[in-house]
Each structure stands twice: as C-alpha cells, then as structure tokens.
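If you read the sequences in order, they're chains A and B.
Under my numbering, read the first sequence as residues 6 to 345, first letter to last.
Under my numbering, read the second sequence as residues 6 to 345, first letter to last.
Everything labelled a hint here was simulated from the structure, so no lab data went into it.
As the structure is a prediction and not an experimental result, all values here were calculated from the model.
It is possible that some hints are incorrect.
Unchecked claim - In silico contact screen, one side only, chain B against chain A (beta carbon under 7 Å); selected entries:
| id | residue |
| --- | --- |
| 1 | Met6 |
| 2 | Leu111 |
| 3 | Asn185 |
| 4 | Pro221 |
| 5 | Glu247 |
| 6 | Leu274 |
| 7 | Ser275 |
| 8 | Phe281 |
| 9 | Arg282 |
Every residue, glycine too, gets a C-beta built ideally from N, C-alpha and C.
Protein chains: 2
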Amino acid sequence: MIALDAFGGDRAPDEILAGALLAHRQGVPVLLVGNADTLRGKVPHGLTVVHSPDVVGMDEAATTPLRKKPDSSIRRIFELVRDGQASAAVTCGHSGAAMASALHVLGSVPGVTRPPLATVVPRKDGGQLVLLDLGANVDCKAEVLVQFAVLGDAYARAVLGVARPRVGLLANGEEKGKGNEQVRQAWQLLEQMGNREASLPGGSSAGLNFVGNIEPLSALRGECDVLVCDGFVGNVMLKTVEGTVEVVARILKEEILRRGSDRFAAWLLSGAWRRFRQRTTYDNVGGALLLGVNGIAVVGHGRADARAVASALRFAHGCVQASLLAQVKAQVGQRLVNRG
Amino acid sequence: MIALDAFGGDRAPDEILAGALLAHRQGVPVLLVGNADTLRGKVPHGLTVVHSPDVVGMDEAATTPLRKKPDSSIRRIFELVRDGQASAAVTCGHSGAAMASALHVLGSVPGVTRPPLATVVPRKDGGQLVLLDLGANVDCKAEVLVQFAVLGDAYARAVLGVARPRVGLLANGEEKGKGNEQVRQAWQLLEQMGNREASLPGGSSAGLNFVGNIEPLSALRGECDVLVCDGFVGNVMLKTVEGTVEVVARILKEEILRRGSDRFAAWLLSGAWRRFRQRTTYDNVGGALLLGVNGIAVVGHGRADARAVASALRFAHGCVQASLLAQVKAQVGQRLVNRG
Numbered sequence: 006m007i008a009l010d011a012f013g014g015d016r017a018p019d020e021i022l023a024g025a026l027l028a029h030r031q032g033v034p035v036l037l038v039g040n041a042d043t044l045r046g047k048v049p050h051g052l053t054v055v056h057s058p059d060v061v062g063m064d065e066a067a068t069t070p071l072r073k074k075p076d077s078s079i080r081r082i083f084e085l086v087r088d089g090q091a092s093a094a095v096t097c098g099h100s101g102a103a104m105a106s107a108l109h110v111l112g113s114v115p116g117v118t119r120p121p122l123a124t125v126v127p128r129k130d131g132g133q134l135v136l137l138d139l140g141a142n143v144d145c146k147a148e149v150l151v152q153f154a155v156l157g158d159a160y161a162r163a164v165l166g167v168a169r170p171r172v173g174l175l176a177n178g179e180e181k182g183k184g185n186e187q188v189r190q191a192w193q194l195l196e197q198m199g200n201r202e203a204s205l206p207g208g209s210s211a212g213l214n215f216v217g218n219i220e221p222l223s224a225l226r227g228e229c230d231v232l233v234c235d236g237f238v239g240n241v242m243l244k245t246v247e248g249t250v251e252v253v254a255r256i257l258k259e260e261i262l263r264r265g266s267d268r269f270a271a272w273l274l275s276g277a278w279r280r281f282r283q284r285t286t287y288d289n290v291g292g293a294l295l296l297g298v299n300g301i302a303v304v305g306h307g308r309a310d311a312r313a314v315a316s317a318l319r320f321a322h323g324c325v326q327a328s329l330l331a332q333v334k335a336q337v338g339q340r341l342v343n344r345g
Numbered sequence: 006m007i008a009l010d011a012f013g014g015d016r017a018p019d020e021i022l023a024g025a026l027l028a029h030r031q032g033v034p035v036l037l038v039g040n041a042d043t044l045r046g047k048v049p050h051g052l053t054v055v056h057s058p059d060v061v062g063m064d065e066a067a068t069t070p071l072r073k074k075p076d077s078s079i080r081r082i083f084e085l086v087r088d089g090q091a092s093a094a095v096t097c098g099h100s101g102a103a104m105a106s107a108l109h110v111l112g113s114v115p116g117v118t119r120p121p122l123a124t125v126v127p128r129k130d131g132g133q134l135v136l137l138d139l140g141a142n143v144d145c146k147a148e149v150l151v152q153f154a155v156l157g158d159a160y161a162r163a164v165l166g167v168a169r170p171r172v173g174l175l176a177n178g179e180e181k182g183k184g185n186e187q188v189r190q191a192w193q194l195l196e197q198m199g200n201r202e203a204s205l206p207g208g209s210s211a212g213l214n215f216v217g218n219i220e221p222l223s224a225l226r227g228e229c230d231v232l233v234c235d236g237f238v239g240n241v242m243l244k245t246v247e248g249t250v251e252v253v254a255r256i257l258k259e260e261i262l263r264r265g266s267d268r269f270a271a272w273l274l275s276g277a278w279r280r281f282r283q284r285t286t287y288d289n290v291g292g293a294l295l296l297g298v299n300g301i302a303v304v305g306h307g308r309a310d311a312r313a314v315a316s317a318l319r320f321a322h323g324c325v326q327a328s329l330l331a332q333v334k335a336q337v338g339q340r341l342v343n344r345g
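Next up, chain A with everything else stripped away, as it sits in the complex (with noise of 0.2 Å):
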C-alpha cells in the first residue's frame, strides 16, 4: 500500500482524493491517511482511510508534526511505513515538514547522514537525468556530495533500469579544477572511490562511473545520468528548467500569434502542442524522492492537482516495485559503509 497524507498540498483534500482514485483505477494500492471526520462521504469507493487527526498548514514550522502535532497525516504516513502497514509514502503539504517527519520517523539508511531530494528531467536525447539534491541540504561538504552520488547511482540503476550510470558533479566547466571549493573536493572523493571500485573483482560493471564535472547544458543533452549538486544549486537548476519552458512557450506563442496565418498554423499543430506540454509539464514527474531515509518518501508538488497525485502516486509505486529501498542499502553499506 502506498500511504497517501489526504490533508497534503494546496488543493487538499478534493484533488488528492481524486488523484487517489485515479491511481486506484490504475492498479495503485493507496491508503488515505488523514481527518477521518472531514474526509466523510468524501473517500472514493474501494479506497480506505486511517484516520489522523491533525493538519500542518503551509504557514507552520517544519518541526510542527514533530512537536505540536504528532497526530498529523503528514507525520503519519511516515509512521505507516516505519510499521510495515504500507510500503511507500506520499505527500503533496509542506516540504520542510515532510522531510522532517520522515526523518524523524524512518531515520536515514547507515552512512547517510544527509538525504537528499531527487528527481527526473528529460534530456534531450529521450533519456532522463536523475538531479539530487533539489533543495534539502543547502550547504553541503564535498562527503555529502558524495553520498548523493551513491545515492542517485543506486535510483538510476534500480528504477530508470541504467546498467553502469554516468555520474557527474555539476558545475561551471567541464575541466578538472573548475567549480566551487566543494566541487573540487568532491571530484577528488569521486575519483579515488571510481578507481578503487574498477580495480575490484567485476569492477569493471558495478564500480562508480564518476564522468567528472558536468555543465547544465551537457547533462541536458545526455551526457550523465546522475547530477549531484548541493540543495542549493540544485534547486536553482530544477528552477530554471521551470521557469525556461514557461518564458520560452510565452515567447513562442507571442510570435504565433502577430499573424492570422500563423494562428491558424497554431490551431492545425493544437495536438502536436498538447503532447508537447504534456512531456515538458513536471506534473508527470511525479514529485521528488527523499533519497537515503529508511523507506520510500515521496514529496509531490504543493500545487499538485488530481492528474500530478496520481503520477505521485504512480512514481512511489514504481520505486517500491523496483526495491529501491534494497538497492540504496545495499550500495550504501557498500561504498559508505563498509568500504576497506
């Protein structure tokens, strides 16, 4: 099952229940978590409810599910999986609480002591380029940059399926040396654990494909598969992509629309538009993936409407069908952990 905080987000509860809905018709299991009372005549049929009483608004303090209420669904869902009643969580409420009570609750596999949030962005290639961290740890030492290498090497294999990916750090060039302090303190961890790792037994195949620095411009064309940077930056590029598509579909209408021939150009080309929108709208992504704790934790959009729930819903499942959680404690214990 996969725990969904029904008071998450903000269109909760009536977009999250019908994103539930609609990830149950798509053979989601999905358990609502939330106001038993409030949600009454509301829950979709097929679909249960444990009850949990209390909300965190988008107003309050990260710490609140942890302090003032722990009977919050945001805290909740957390707990469900702790407890073996469900295999993933979602969330759509408040990030910063999100990341809070899933650490307070699962904790953090062994050897990570920072998680990081990690998503997906398409290349231009067709491929995806796994992007961590997204915004939870801000200022990052080079060893926590090297835990999300791990981290995001580990989802790229299990769930994207990627036999040996490429990992780089990401930076303002391409050459050794450029970068911040970090960065160049990273890139010195990487290469030691890359080369450490290729001459093992089989290394060749399993080791750490550390690719060096990579510009935002080559990982967008396919030349990684995993881009580490600390939460900061990170949450800048994943901005920046936002924010682009939307000044460039701005531009590109504006243009379409100065002559009537265009427009009706326009309207002849509306199918080739909407799939457009479709494969550049991060609603279909999913959400970001707290990486590193000890269970699956997905933080969907706080905007989310039903169709983005249900894709949160969707990519939760995916990463438990794909024992993530196995693959990062397995990586992690070995390059982290146990490394001689």
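Following the hints, complete the assembly by docking chain B onto the known chain A.
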C-alpha cells in the same frame, strides 16, 4: 572607438572581421586589433588595424597575456581603453584570459574587489533580467554579493533605463532565512543598505530597491530587474536556460514530426518559429559585461559568428553611449566607498 580582438574566438579571424563590418555599417565605430600581417588583404574597407602580433589560444592559461604574451590582441584591446584610444573593448576569445587582462590593465573601480560578469536574460513579461555573476567569481563572500547588487543596479539604471531597479538575491525560497550561508548574510547587508538609503533625502527614488530573495521562476516571470548570485550559481542558471531552450525546441520538433499534417502546419509557422529562435538565441544578447573594472569590457561567446560579434559590438557601444562607467563609479563611490 570599440577595440575588437580580431583573433579571439573559435571562428577568428574571418567571422570576427565579418561581424566588425556588420557593426561598422550599423554605425558602430570599430577598431580591429590583431596581427596586421595575418590580416593583410582581409580587412574590410573603412576599418583600421592596430598591430598586436600574439594570439592566446583557448587551451592556454588565463595568465598567458600577462606573462608569456604581453603583445597579444586579447590584452592590447584593454590597453587601448586604458590609454584613451578606445572607449570599450570586445573579445570573443579565452574568457579567463580576457578577465585577467581587463583586471590587470584597467584595474577595478575603487570599492569593487571582485568584478563580476553580467548579462541580460529575456523575461516572460517582456522585460530584461540582469543576471550576475556568471562565473568570474566562484566562491563569494556576502560582501562581494553586495558589490554585485550595486553594480547590477547601476547597469539597469544606465543601460536599460530602469528608474528604480528591483534587486533580488537568487535563492531556493523567497522567505528570509532561505538560501545558503552567504545569501542569508547578504540579505542582512542589503536590507541595511536599502533602509539606510531610503531614510536619506530623495532616498525613495535613488535608494537601493532590495526586494529580498527571488527564485528563478519568479525572476524569469519578471519579479525583479537585477538578480544577484555567486559565479558558480549564476553560471549554472545561465547554462540551464540555454540547455532548456535547446531541449524544449527538440521536444517540440519531435512532436511536430509525428504527423504529416503537423509537419505542414509547422511549415506554415516557419516565420513565427524564426522570430522565436531570434528572441531565444543568446547571440542577440551580445555577450557578458565585466562590470566594475575601470572601463567597458565585453566578453562575447567563444563560438560567436559574424552576427553575434556585431551584437557584442553594439552591446559595448550601447554601454558607452549610456555613460555606464560614470554611473558605475558614482554608485560604487556613494554606496561602497563613502558610506557614512
């Protein structure tokens, strides 16, 4: 005159000369700088050459024009500005060497310790966003971000004609307290500066209009005029914009090619598409301006073709005509040097 490095850039000297001619015909006074022997017979009618025999290759060290090749064109252009024979310098060559030469030859305006690279990015609302630093200074203290804010403000006033530019700090969230350590410190310093200036006579129009943290999406939508960040983050943001435009254009093309009727409609739309590409191609911006050095110094794109070179020359010419340097000196003198 605008001194142009005839041997800077991947397509030098042919595309550089063609760009010089283009700008010359548009009324920009251009002075070519480079090896006169190599250029013999190639110089367009109406243009003159200042002889400077050496060329700095893209694979050489940034300090080459300072140490090994003092007679290189990439250094000579700045000497012409220093000596009053040119009012601005433009190169599409090695950007590190250009910055090192500009700083070495021209020095920085008193009060500026780390001159940033700045450019403009088109916003969704039709306005222009001044983004700085783009990579000149990778690890920046808060005080350096404050310098960038003052310089960006001066640029937006002088060149873009914005009466009271809204200056924001690029961050991963708009609330105070968001951002990494240097952003949080810079917020304090910029808030103090804004408050102090607002309390002066006439402060409401002349004072720094600090609007706090700004996320990339909001900035691209038009919520600020100047966006301040360190060179690592700014470089990531700028290259992410470029990369996303490329990915978006590719995805749109793929969807259009799926159906014959879409291909026909797209053919009808080719005019709108061409205008769209013109507006989203960064060749039209003209390059990056090294703000805070004691002269106008423009670094164009290494892959610049004739059109991009002409655009960089017009950009430099515009900065001269707007008396940018005087504005920069006045603002920096008032805000960073003589502040009471």
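Taking the hints in turn, this is what the structure says about them:
1. Met6: With Cβ-Cβ at 33 Å, over 7 Å, it is violated.
2. Leu111: With Cβ-Cβ at 24 Å, over 7 Å, it is violated.
3. Asn185: holds, 5 Å
4. Pro221: Where the cut-off is 7 Å and the nearest Cβ of chain A is about 4 Å from Pro221(B), the hint holds.
5. Glu247: holds, 6 Å
6. Leu274: holds, 4 Å
7. Ser275: Because about 9 Å separates Ser275(B) from the closest Cβ in chain A, which is outside the 7 Å limit, the hint is violated.
8. Phe281: Nearest chain A Cβ about 5 Å off; hint holds.
9. Arg282: Violated - the Cβ of Arg282(B) stays beyond 7 Å from chain A, reaching only about 9 Å at its closest.
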